[in-house]
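Same order as they appear, the protein sequences are chains A and B. The first sequence begins at 1 in full-length UniProt numbering and counts up one residue at a time. The second sequence begins at 1 in full-length UniProt numbering and counts up one residue at a time.
None of these hints come from the bench; they were simulated from the model. Just so you know, even glycine gets a beta-carbon here, dropped at the ideal spot from N, CA and C. Wrong hints could be hidden among the right ones.
[Stated by the list, open to error] Restraint ranges, calculated between C-beta atoms of paired labels, are given here:
| no. | chain 1 | residue 1 | chain 2 | residue 2 | range |
| --- | --- | --- | --- | --- | --- |
| 1 | A | Asn-640 | B | Ile-102 | 42 to 48 Å |
| 2 | B | Val-105 | A | Asp-71 | 30 to 36 Å |
| 3 | B | Gly-128 | A | Gly-354 | 45 to 51 Å |
| 4 | B | Gly-128 | A | Lys-594 | 46 to 52 Å |
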Amino acid sequence: MHGRPRNASKPEEEAASAAKAVQLRSLQSQFMTNHHDKIYTNEAIELSTKLLEINPEAYTAWNYRKLAVEDRLARIEPDPNLVSAILDEELRVVESALRQNFKSYGAWHHRKWVLSKGHSSVGNELRLLEKFQKLDSRNFHAWNYRRFVVELTNRSEQDELQYTDDMINNNFSNYSAWHNRSVLLSSLLAQNADGFMPNIKIPEEYDFVHSAIFTEPDDQSGWFYHLWLLDQTLNVETPLLTSSWPSHGSSIILSGAGCLSGSSSMFTTFCSESGSFPLILYFDQAVGGVSSSTVTIDSELKGNEGLVWEPIPNKNSQVSCVWVARLKYVSSDPCEYKVKIRVGNSPGIVSSRGYNFNAPYEFVFTAHVHDTVEDSQEGIVSWTDGFDIWDAKSKDLNSLVTLDRLNAEMDFKWRQEAIDSEVECFGILPDSKIGKLTLARLLMAREAMVSDDAVKGVHYEEILQLYNDLMALDSSHYQYYKDEHSKAFLHKVTSSSESLSRHLLRYRDMNNLVCLRLNNLSLSRIASVEKLLFVQMLDLSHNELHSTEGLEAMQLLSCLNLSHNRIRSFSALDSLRHVKQLKVLDVSHNHIGKHSVDTTRYLCSSPLSNSELGQDDVGKQNPGLVTKYWDAYCVLRDLNLKQLDIAGNEIAGEEFSSFVLQVVPKLVWLDGQKKLGN
Amino acid sequence: MADKLVADKHLRYILNLMAEKKKESFESVVMDHLRMNGAYWGLTTLALLDKLGSVSEDEVVSWVMTCQHESGGFAGNTGHDPHVLYTLSAVQILALFDKLNILDVEKVSNYIAGLQNEDGSFSGDIWGEVDTRFSYIAICCLSILKCLDKINVKKAVDYIVSCKNLDGGFGCSPGAESHAGQIFCCVGALAITGNLHRVDKDLLGWWLCERQDYESGGLNGRPEKLPDVCYSWWVLSSLIMIDRVHWIEKAKLVKFILDSQDMDNGGISDRPSYTVDIFHTYFGVAGLSLLEYPGVKTIDPAYALPVHVINRILFTK
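Same shape as in the complex, but just chain A (with noise of 0.2 Å):
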């Protein structure tokens, strides 16, 4: 089916077609019969050995073959060498199908199934793969049969690793050999195997990686393998926490709906309806394990024993990078409370790979509750108007203060001289996309290890400016480059706190909302959000995002603004629904309606959640809109929106508006417009 250039076919050779077509049928037909009454003479055998010579894809004959074995050998005598024989001859038949072709699943499954019954010797089936690994060395039966071989014969992973050497050695060009020599070393290095030590390995590995890379920089077979090394240079396997909201030191006040007097602009004010606020872990790699006996709770805060976490998020998955518990309050009892929060005292934590959090932390904030004065109003959210500039001396920005995620690593060193070995090597390769490519993911990496603030932030022009000449040198892949653009741009205005106040403001009508402004950068990716866990308000309008991916952690979100972007479903928006806070949502001047193919309809945490549609009285009522506009459904019906502008896009229309208005019928503001009844 593959690889025949297209040529009229002459009529001499439609008839030989033909011709073969005939004695194929007719061979397929004899050995159906034979199949189907359990012959297995030897003349039936020798029939479908014929089929299979001609037809190796021809599946049911190697079930009959592993029949007609299994009923021979149940007849003769339990003699090693009448075994041999029969077995030999399953072998000789299976290479002389693999002749044909190489690819055949039958026949290597059949070759297996015939070594399951201790038959033939290592040296024979490495003798066999060598014949084929010279006629493709790509071949991935043949490697995967080989490390059949391997498991089968207990050779060692260290004499495995040293085929790939002699392989790549022979051809640097050998994708195959690459991706076995990662799993091989990275086992080794896993077990701590003799000789097979990271901060030795590694920078070795940098080195035989350079052949292939620089010899021919548009041949991908050492890229990937490049990178390997670069996430083990640079993650620690064991987890770490990266943030937290409410952050050590912080002060926070906390009320129940509605307005205060004379709030602060020093300090995050928190108001709820329910009586309790969120209380955020946000770890450097996904874990299991966070409940009320690995994170314990100091506090007076009554009504808080036996606190529940949860992962965001995807609530059926026990790991993720986020944990929220909210912790309750109540408002009429206004007080000082001092709240202490140790993580990972106790042993529980473990990571998706099987490593415990072992750097226990602790972390100390003051919560101010104060009573409600006046009653919530219901005025509309505006985005331009009622902002005060940043108080310098807010306190928030002290939350901003990142863990020294490798303080509680050991072997820092290696880890710094490699990057800064390799950020040589690739800053005096000559142009080219993968020099360019590598050099700003290093230099990217650089910069995660940096923990001296006077040196935060100097590698980021460098790094913009890279993926700029690579937007324009590999225009094909355009949108990645942009897409790393943006998450490096966010790191770079987080890096600081006076690059990020730069971009904050308070918003004066809600209670001095802490409001962080990232409009109009082209943004496409969303990034950093570790570190924007205090923000209230969010204006990304003017941007080019197609999805709130990584907004679910921002569980004190209230303000959103994704106003002329390029969102193309509400199924895009799905992390939104973690959002509880969400009062206000912009998402005019969209894509929303306009493109057939939808790209994270699997990305939703329900994707399957057709059993669910439809069962409250909206869904009972509407049925058809519901399974029109199933994702939107999903999305509204779990937040409690006050204020929500869809205007400007193709599925916003009068049908749209009054199912909104049935999905949520505590909205008050639509597009503008004050609802009536509410």
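Assemble the complex: chain A is given as a structure, and chain B must be docked to it using the hints.
Structure of chain B alone, referenced to chain A:
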């Protein structure tokens, strides 16, 4: 160079294949055992071109049922042995015609569920070949039949995740090299079961987007291989499921697919000027569907069936 999809020619190409006279070329006989797959490829293409009505539903459906084995599984053609590969195609064909109700769902689902192994993996049939393709098949098929609870989904998912490689891709078994076809199967299975958070989308997305060949705009299946129209499905659907499709240049890919058409006789080949076949015709049209090419109905990237067919199944009890 082609500038449009010659849908009418492809329609005729497919209908000719399904008619009697084409059956007796050597190419056709040698693929006799996978006729069920061929039928699925042909019929789904027709459905995407809104021409499913051109075939006799009764003829197709009754032939499909002759391929069902007493074990509940379906064979590639009448008389052959059952296998999950053909069981999925059979169920998909019945779904296209909205004829799932003629199935003994218990029987079919028990056949598939019975092939799950201790470690969560799936065998293709009683002979025990294990491959993540079969994990996808089991999950996709049982999901369509609404019998996912017959298998241990958690173990199935964990097994698939154990086949995840350090480059972010997936292979056919633990430790096997990443390959776009296997990636489609694993990502599809994780998508259907709501487990895409187990995928490193940025890492895999970059590996996938680098399948696009700068010159031709076509996609290959793994590094340093030739571009091939069938990867317009496997790479593209994977990218769509993880929301990274904007990382490739869509217009160039459209051109590669259109250039691979046989403008005279219909059908699409693996690359421009090569021999056409039903396999590549389907993947070319399905790829164009995912690229929102006008005149082609939308296909679901996980189930590989038209979206309206999937919605019909998922949104009714």
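A quick look at each hint next to the structure:
no. : hint                                 : in the structure
1   : Asn-640(A) to Ile-102(B): 42 to 48 Å : holds (46 Å)
2   : Val-105(B) to Asp-71(A): 30 to 36 Å  : holds (35 Å)
3   : Gly-128(B) to Gly-354(A): 45 to 51 Å : violated (29 Å)
4   : Gly-128(B) to Lys-594(A): 46 to 52 Å : holds (48 Å)
Hint compliance for this structure: hint 3 is the single one not met.
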